[in-house]
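Chemist: Can you build the whole structure from these sequences, using the hints too?
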Amino acid sequence: MPETDVMPELSLASAAGLTGSGKPLSVTRLRKTYGGVTAVDEVSMEIAAGEFVTFLGSSGSGKTTTLMMIAGFCEPDSGSVVVGGRDVTRLAPQKRGLGFVFQQYLLFPHMTVWENVAFPLQLRGVSKAEQRRRVGETLEMAGLSAMARRRPRELSGGQQQRVALCRALVYRPPVILMDEPLGALDKKLRDQLQNEIKRIQQELGLTVIYVTHDQEEALVLSDRIAVMRDGRIDQFDTPQELFERPRTPFVADFLGAANFLPGHVEQRTSGHTLVRLDTGGVVKARPQAGTEGARVRAAVQPGRLALCPPDDGFCTGTVETVTYVGTLVRVTVRPLGGAATELVRLELPAGRAPDLGERVGLTADPANVSVFPDTEHGG
Amino acid sequence: MAGTALAPTPAPAAPAPAPGKRGLGRALSDRRTRFGLLNATPVVVYLLILFVYPIFSTLMLSLKGEEGGFTLQWYTDAFQGANLEILLTTLRISAETSLLALVVGFVLASAISRLKPLWAGLAMLVVVVPHFISALVRTYGWIILLGDNGVVNNALTDMHVPGAPVQLLYNEIGVVIGTTAVMLPYTVLLLFAVMKGIDRRLLAAAASMGAGRITIFRRVYVPLVAPGLVNAGVLCFILCLGYYLTPALMGGEKQTMVASLIDEQVMKQNQWNGASALGIILLLLTFAGLLLLRLLKSAGEALRNRGTAS
Chain A
1 MPETDVMPEL SLASAAGLTG SGKPLSVTRL RKTYGGVTAV DEVSMEIAAG
51 EFVTFLGSSG SGKTTTLMMI AGFCEPDSGS VVVGGRDVTR LAPQKRGLGF
101 VFQQYLLFPH MTVWENVAFP LQLRGVSKAE QRRRVGETLE MAGLSAMARR
151 RPRELSGGQQ QRVALCRALV YRPPVILMDE PLGALDKKLR DQLQNEIKRI
201 QQELGLTVIY VTHDQEEALV LSDRIAVMRD GRIDQFDTPQ ELFERPRTPF
251 VADFLGAANF LPGHVEQRTS GHTLVRLDTG GVVKARPQAG TEGARVRAAV
301 QPGRLALCPP DDGFCTGTVE TVTYVGTLVR VTVRPLGGAA TELVRLELPA
351 GRAPDLGERV GLTADPANVS VFPDTEHGG
Chain B
1 MAGTALAPTP APAAPAPAPG KRGLGRALSD RRTRFGLLNA TPVVVYLLIL
51 FVYPIFSTLM LSLKGEEGGF TLQWYTDAFQ GANLEILLTT LRISAETSLL
101 ALVVGFVLAS AISRLKPLWA GLAMLVVVVP HFISALVRTY GWIILLGDNG
151 VVNNALTDMH VPGAPVQLLY NEIGVVIGTT AVMLPYTVLL LFAVMKGIDR
201 RLLAAAASMG AGRITIFRRV YVPLVAPGLV NAGVLCFILC LGYYLTPALM
251 GGEKQTMVAS LIDEQVMKQN QWNGASALGI ILLLLTFAGL LLLRLLKSAG
301 EALRNRGTAS
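Heads up: the protein sequence lines correspond to chains A and B, in order. FYI, in the numbering used here the residues of the first sequence are 1 to 379. FYI, in the numbering used here the residues of the second sequence are 1 to 310.
Errors might be hidden in some of the hints.
What the simulated footprint calls covered on chain A by chain B, stretch by stretch (three residues with Cβ under 8 Å from a Cβ of chain B suffice, anywhere in the stretch; the number is not a length) [as the list claims (entries may be wrong)]: (1) 64-70; (2) 80-94; (3) 115-129.
The calculated SDA-like cross-link candidates involving lysine to any residue, where the alpha carbons are at most 25 Å apart (straight line), are [as the list claims (entries may be wrong)]: (4) K128/A with F217/B; (5) K187/A with G326/A; (6) K196/B with H110/A; (7) K95/A with L203/B; (8) K254/B with V222/B; (9) K297/B with G60/A; (10) K196/B with F73/A; (11) K95/A with F217/B; (12) K187/A with R172/A; (13) K268/B with E253/B; (14) K95/A with G212/B; (15) K23/A with V220/A; (16) K116/B with V82/A; (17) K297/B with R153/A; (18) K284/A with S270/A; (19) K187/A with V329/A; (20) K116/B with Y34/A; (21) K95/A with L202/B; (22) K198/A with S59/A; (23) K128/A with V222/B; (24) K297/B with F108/A.
These aren't lab readings, by the way, just hints derived from the structure by calculation. No residue lacks a Cβ here, since even glycine has one placed at the ideal position from N, Cα and C.
Modeler: This is how it looks when you write it as structure tokens:
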């Protein structure tokens, strides 16, 4: 048989319909309740080939339960999971042909690194020579060639997780699911592995669903992020969209720790909304919510605020704290006027730090100011 | 030897690993070592009197001729004729019992390890409690169950099973059943401890990459339990070798085991030398079992490493 550049389709992968039409994964109205508590509520999404999608949410948001239902470790009450055009909703995990990377690595302790990675290939009856080639390639790519003969317990956490990653992608599953794979690692290692995961994903064009509660991680890795709360998807968008045009106060707060400035809509035009803040100033925002006169909150990320001379901006206040964080400086400003109580947080380039107690004005690009009805409290 | 070591030697190059006395002297000058030795003394004395001395005198007895003097006669006797047969029977019954106790223990332990903690606790109690009841009582229990007019045979006869009543007592079946029941708590406890320590999510991980139930069992579960299987098997075998009560009560003529033979030689023939030789042989067999355990472990390790090389 002539060797080709293309990986020969493996039995399970082709059974999963890799060759078939359509998206690698679509989830329709998934629902799961645990003793009356709804863990996942009508979650639907479609994921394109080669896409890196993250479920982002705090614990209890339903992100892991959704992942488990896609993997088959947990059966949904209703809804369906379709992998490559094949409905797998009621199939056992081993029949879905997906890859899974666990937070706790879960390498087989009685096998070496090499054997761990070869294991899924052996299950698929891949020939010895082919196994050797592919395990070798995969370990090489992850920089683990020197570790092939070691046991998992002889490796560091970061190395173990890289082996787990190799084991999940060596058989080229149509979708790889990752459940907080970096959760057990320290910050520095996490950053390093994030880059590596991203590199490998892009190099191989892998389709990945990733679960995390770390918004920074989600922003770094993802093509699209599904922000989840209380079992629902609040917003499913690119990181940029989520960051700049959050659809709910929760998204604004969760992703960017937004400042929420209370006020009411003074004027609405097609191009923008003018919000009269309780502190007296008027801020120009994206046209989004609220009829004229309605109580709203204007949301703006700390990094999207800029300083200007006092009284030129939508808000004037005094600088309360200045904290250097590497190349950034975090500034809090106490707004003057009105009964405003909450401090406004800013992130500025380190060179432009104001002095403590200085009177400053605040401005923002209207495109970065969102307006939400003042009914629910974000965060 | 001691003299040379203690003599002030013109120290050559590097201080080589200190020769005996000198190392000991230095070790003794350490307060912690002296304190440790002091603490160990009662145990050492206890073991010397109650363990080393009896074994040593047994050894001497087994090497003493009928009119005094040194002889290996008792050992050659032990490996001849009926005695040899009894030795082989002992090994065979021990092996059969260990195997059965392992299989039943594996099934039981893996079932218990999957139960919720409360139920698992109760199940373990059921497995272990018989161990605290006199083996004599338990053995009579088995005799009642397995006799020609016992519960089992009556049930078989009522169900018109061909060949019923089956002889389940005073033969090898009886001995193996009875001894297995005695050994079961050990295998279940050992295997349960190992199985409890297995991260069940490993099995889920195997499933996630496409392994079916049988493959998961064969390639992941059993290899992870294997060290426990070896330990439990060898322990069981060693315990069976010297086991007396059940084989004596539930076996027939052909199931005489070494322990019974020793009993007979001492009680009926007043033949202490021969009995001593048999005791020493049992002891050596036990050591052999422990050695086998180590060999199996290192063989397993080597096998795995070879698997990696390919």
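Chemist: Take the hints in turn and mark each one as holding or not.
Modeler: Evaluated hints:
no., hint, verdict
1, 64-70, "violated (count 0)"
2, 80-94, "holds (count 3)"
3, 115-129, "holds (count 5)"
4, K128/A with F217/B, "holds, 22 Å"
5, K187/A with G326/A, "holds, 16 Å"
6, K196/B with H110/A, "holds, 16 Å"
7, K95/A with L203/B, "holds, 15 Å"
8, K254/B with V222/B, "violated, 36 Å"
9, K297/B with G60/A, "violated, 45 Å"
10, K196/B with F73/A, "holds, 21 Å"
11, K95/A with F217/B, "holds, 17 Å"
12, K187/A with R172/A, "violated, 29 Å"
13, K268/B with E253/B, "holds, 16 Å"
14, K95/A with G212/B, "holds, 8 Å"
15, K23/A with V220/A, "holds, 24 Å"
16, K116/B with V82/A, "violated, 34 Å"
17, K297/B with R153/A, "holds, 18 Å"
18, K284/A with S270/A, "holds, 12 Å"
19, K187/A with V329/A, "holds, 21 Å"
20, K116/B with Y34/A, "holds, 19 Å"
21, K95/A with L202/B, "holds, 17 Å"
22, K198/A with S59/A, "holds, 24 Å"
23, K128/A with V222/B, "holds, 23 Å"
24, K297/B with F108/A, "holds, 19 Å"
Figure legend: structure checked against the earlier numbered hints; hints not met, in rising order: 1, 8, 9, 12 and 16.
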